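K.L.:
Letter by letter, the chains look like this.
4 protein chains.
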Amino acid sequence: MSRLTLDHASTIVDAALKIARELKLGPMTVAVLDAGGHLVAFKREDKSSLLRYEIATGKAYGALGMGISSRTLEQRGIERPHFINALMAASNGRVVPVAGGVLIKDSAGDTIGAVGISGDTSDNDEACCFAGVEAAGLKSA
Amino acid sequence: MSRLTLDHASTIVDAALKIARELKLGPMTVAVLDAGGHLVAFKREDKSSLLRYEIATGKAYGALGMGISSRTLEQRGIERPHFINALMAASNGRVVPVAGGVLIKDSAGDTIGAVGISGDTSDNDEACCFAGVEAAGLKSA
Amino acid sequence: MSRLTLDHASTIVDAALKIARELKLGPMTVAVLDAGGHLVAFKREDKSSLLRYEIATGKAYGALGMGISSRTLEQRGIERPHFINALMAASNGRVVPVAGGVLIKDSAGDTIGAVGISGDTSDNDEACCFAGVEAAGLKSA
Amino acid sequence: MSRLTLDHASTIVDAALKIARELKLGPMTVAVLDAGGHLVAFKREDKSSLLRYEIATGKAYGALGMGISSRTLEQRGIERPHFINALMAASNGRVVPVAGGVLIKDSAGDTIGAVGISGDTSDNDEACCFAGVEAAGLKSA
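As they're listed, the protein sequences go chains A, B, C and D. The first sequence: position 41 = 49 (this note's numbering), numbered continuously. The second sequence: position 89 = 97 (this note's numbering), numbered continuously. The third sequence: position 136 = 144 (this note's numbering), numbered continuously. The fourth sequence: position 134 = 142 (this note's numbering), numbered continuously.
Quick caveat, the hints were computed from the structure, so don't treat them as lab data. Hints should not be assumed to be uniformly reliable.
Okay, derived cross-link-like pairs now, BS3-like style, lysine-lysine, Cα gap no bigger than 27 Å in a straight line [said to hold, decoys possible]:
1) Lys26/D x Lys55/D
2) Lys113/A x Lys55/B
3) Lys147/A x Lys113/B
4) Lys113/A x Lys32/D
Here the structure is a predicted model, which means the values were calculated and not measured.
Sequences are here, hints too, so could you generate the full structure?
P.N.:
Structure follows, in structure tokens:
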């Protein structure tokens with residue numbers, strides 16, 4: 009099983025911000041966590057609002073927490089709100105069940121980390137996640 | 009009143025994982041708590057996602073917290089969400105009101121602990137709880 | 009880089025408890041964490057006191073937190089108490105700077121987890137850590 | 009008063025890591041906070057231990073918290089430990105009073121952020137802070 013390196017994480021952050029600028033999205037925050045949920049690389053663009061760190065890391069942590077994208081987690085939260093409420097409480101608020109957090113997988117399909125992005129619509133945030141992971145030569149899910 | 013021993017708890021964990029492997033369920037996490045809510049034995053299978061400890065222990069703690077299975081707790085939460093929200097807050101997020109946590113009882117019907125499992129559907133998680141407790145020669149509820 | 013498996017962790021726990029029984033040590037608690045600091049396997053012997061979970065996991069988490077054994081961390085804490093106090097606060101009390109927590113390394117020398125033990129003297133706790141890791145065919149540090 | 013930009017922060021992080029590699033220091037973690045104490049840019053090198061995020065941000069946050077470098081904060085903590093203990097508690101553990109956190113100032117002498125570094129000796133961590141801030145054309149204190 010491989011490990012997410014700082015090189016991977018830096019590439020993901022910079023590629024995600026590059027596509028965000030090309031698409032003229034709002035000021036973006038990008039967080040990349042390793043498989044253990046620990047921050048590896050992070051950038052917050054100028055004029056970002058204050059809770060972007062918590063949202064971006066929370067999307068990524070939620071994905072790692074349940075082994076699914078934060079978009080799928082969001083859908084489950086709509087279906088079973090008591091379960092998502094419990095996850096948020098059990099994780100001391102580290103789970104943000106909103107699209108824009110995706111798992112990072114190696115070529116064997118093993119999860120090696122997650123990226124979370126916040127700053128524009130959830131759909132646009134997620135699109136930047138995919139672009140970032142692809143730029144690093146890794147798979148997203 | 010009897011007490012849950014480490015022998016009991018280890019048997020419950022290993023029997024639950026054995027049935028999970030036979031049924032080819034997802035990677036499972038099993039937590040056994042004593043009557044005081046303290047962890048006695050725990051195993052997390054390879055490739056489990058990050059919040060499985062919190063979920064498995066939270067199901068068991070919720071069962072002990074109200075003296076009912078976490079399945080019944082889930083039903084109550086759907087009927088009275090404000091009550092479950094209060095329990096989650098009051099316990100600092102230690103209650104996860106989702107099926108898959110059952111009380112462990114001795115032959116006199118006294119609660120001596122609880123087991124919580126997370127990794128597959130809630131129904132399958134709960135079935136593994138029952139199998140584990142039965143293997144230890146104890147009663148579940 | 010390899011990963012700590014549940015098989016490794018279970019072997020460490022059981023081997024540590026076996027040597028503790030042979031040496032007639034006090035009731036022991038053994039916790040094995042993966043490289044991300046997440047619990048993989050855990051056992052607490054009968055008649056253990058209430059905080060053994062926190063102490064055993066805290067020794068292991070402290071070792072992972074600084075990349076040194078909790079014995080070395082203890083020595084640093086004696087030399088620079090303000091630094092250890094800060095680590096305890098910064099980790100929300102997850103660091104216990106006392107001997108009895110050792111890093112688990114693979115054959116390449118990379119850290120893949122940590123084991124923490126509490127129940128007897130710190131020296132005896134640590135000796136059981138070494139015995140457990142050796143039984144799993146891994147290196148300790 | 010000027011503001012710390014992401015460009016500044018990225019330059020500080022990359023310049024600090026560049027000098028750390030030239031000096032063959034241990035695996036480094038670099039955190040840059042803005043004047044409000046919020047993370048702007050962050051990198052954690054491969055093989056870093058788990059609490060480096062907390063330590064690096066805690067050094068920077070402590071500097072911002074009292075308006076002095078974390079080296080000066082450390083000295084004050086040795087002289088008046090009760091005061092530093094109170095700061096750590098009051099900030100929920102966000103203050104790490106150890107050298108390696110410096111204020112970032114603009115040309116008018118106003119504080120616009122702080123950088124915190126952890127991974128080698130406190131003296132080396134601090135030297136990398138100074139090198140990073142200088143590379144961004146800003147002042148440190």
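K.L.:
Which numbered hints turn out to be false for this structure?
P.N.:
3 and 4
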